[in-house]
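These protein sequence lines map, in sequence, to chains A and B.
In case it helps, this note's numbering puts the first sequence at residues 1 to 183.
In case it helps, this note's numbering puts the second sequence at residues 184 to 484.
The set of hints was computed from the structure by calculation and includes no laboratory data.
Among the hints, erroneous ones may be present.
To be verified - With a Cα cut of at most 27 Å, we get these calculated DSSO-like pairs of lysine-lysine: (1) B:K280 - A:K43; (2) A:K151 - A:K162; (3) B:K299 - B:K278; (4) B:K278 - A:K151; (5) B:K278 - A:K43; (6) B:K244 - B:K394; (7) B:K280 - B:K192; (8) B:K299 - B:K280; (9) B:K280 - B:K241; (10) A:K112 - A:K64; (11) B:K299 - A:K43; (12) B:K244 - B:K192.
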Amino acid sequence: MNLIIVIAVVVLIALLVGGIYNQLVRRRNEVDNAWSQIDVQLKRRLDLIPNLVETVKGYAAHEKTALEAVIAARNSAMSTGSSPHEQAAADNAVSSALRQLFALSEAYPDLKANQGFVSLQEELSNTESRIAYARQFYGDAVETYNTAIQKFPAVFVASMFKFSEREFFAAEEAARTVPEVKF
Amino acid sequence: MNDLIAANKRRTFFLLFGFVVITLLVGVAVGSLVGNGTTGTLIALVIAAAMAFSSYWKSDKIALAVSRAHPADEQEYRRLHNLVEGLCIAGGLPKPKVYIIQDDAPNAFATGRNPKNAAIAVTTGLLQVMNRVELEGVVAHELSHIKNYDILVSTLAVTLVGTIAIVTDLTLRMMWWNGGRVARSGDRNDRNNPLALIGLVLLLLAPILAKIMQASVSRRRETLADVSAVRMTRYPPGLISALEKLQADNTVTHSASMATAHLWIEQPMSGVKDAGRLGMWHKLFNTHPPLAERIALLREM
């Protein structure tokens with residue numbers, strides 16, 4: 001009789017641990033998936049840049065510094081490390097280089113009228129908002145996962161199987177402060 | 184959030200179970216009233232089962248067809264497509280098919296059986312009336328329905344409520360039409376069959392019961408979808424002002440029918456809005472909580 005009870009308790013605990021383990025694995029995969037979603041969008045943006053540079057060159061070849069800045073930022077983003085922090089820094093560099101290039105293009109009416117340039121610009125701004133959305137999803141996934149591995153009793157399973165916390169995205173400083181507009 | 188979705192799936196199960204029980208009882212009632220007890224019951228059950236099964240695969244197409252929705256052109260509705268794609272990324276959902284309904288009343292709905300086979304439809308009126316953040320709120324609300332698996336149960340409800348209505352209606356009519364020609368166990372001179380009376384009452388009540396169930400489940404889902412929509416857009420004012428615009432607008436959505444009423448973001452029939460003498464009944468049958476209540480809830484976030 002006692003043996004049966006002991007076996008029952010052991011089986012119950014094993015089932016519980018197994019269930020929690022599976023759930024944690026699912027959450028962790030969700031985080032990984034969310035992370036690769038950001039990568040997809042970032043890569044899409046980097047793929048658009050060579051076309052953009054070519055188009056701008058056709059109208060404003062002498063804006064060398066701005067063009068080179070964009071290319072340099074792109075190259076460093078292509079070869080950057082994969083931690084959320086490094087990736088965010090490289091990506092911010094690309095964003096600001098692009099912003100400068102677009103600001104310059106204001107001075108070239110022919111360029112602004114170019115259909116290819118207009119659609120590239122649209123595509124880029126769309127991709128940018130998608131990156132933001134993908135980051136939001138990643139943040140949500142990380143939050144759910146981190147909470148899951150800190151909760152009782154999952155915290156024991158998490159430490160037993162080495163589920164470690166994931167890193168959040170630190171919002172870019174500039175994005176936090178409201179930009180000043182002067183006329 | 185995940186707990187809410189799990190609770191929702193449980194509720195979906197109970198709802199379907201309830202529908203099955205009602206259908207079963209209707210089947211028995213049909214059997215005892217129309218005669219040929221078991222055969223009638225079996226036929227009714229087979230019809231119900233076939234309807235339930237086909238509704239699982241086809242109900243989204245039915246709902247879209249009934250509402251005269253057509254696929255949104257990628258170029259013409261670029262803005263809408265982009266917006267849907269962006270929000271899908273934020274919600275971690277595959278992009279649903281996007282449909283347009285030519286209707287001046289601002290409204291929208293989502294349908295399908297799971298996130299992989301889902302569609303959202305918006306009226307041209309909605310696109311005209313709403314600005315970007317408001318449209319984002321509405322689309323996020325619909326995507327939340329998809330994410331929370333509301334679409335499955337509500338789309339199933341379209342066909343299941345319909346089936347129960349048709350089967351009971353058919354039986355009631357059969358009772359009038361073939362009076363005397365076929366020997367029935369529930370005839371007037373056969374008073375020792377109490378089942379017949381119960382059956383009759385049940386047949387009269389079943390469609391009403393089905394509708395109340397549909398409405399009560401639907402109301403909870405609307406609130407939940409509002410909350411998760413705001414989680415998706417991170418911007419409560421967007422959805423709030425969208426709901427306010429819907430509140431101010433009282434055009435009837437012509438593309439909506441009674442059967443699809445609970446699918447839409449706003450109750451499509453205007454008549455049910457006024458608090459008349461049937462107040463309590465309206466509350467029971469309303470597929471949506473009052474917009475004012477929904478707005479107040481979002482303001483608290």
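Quiz prompt | Hint numbers contradicted by this structure | solution = 4
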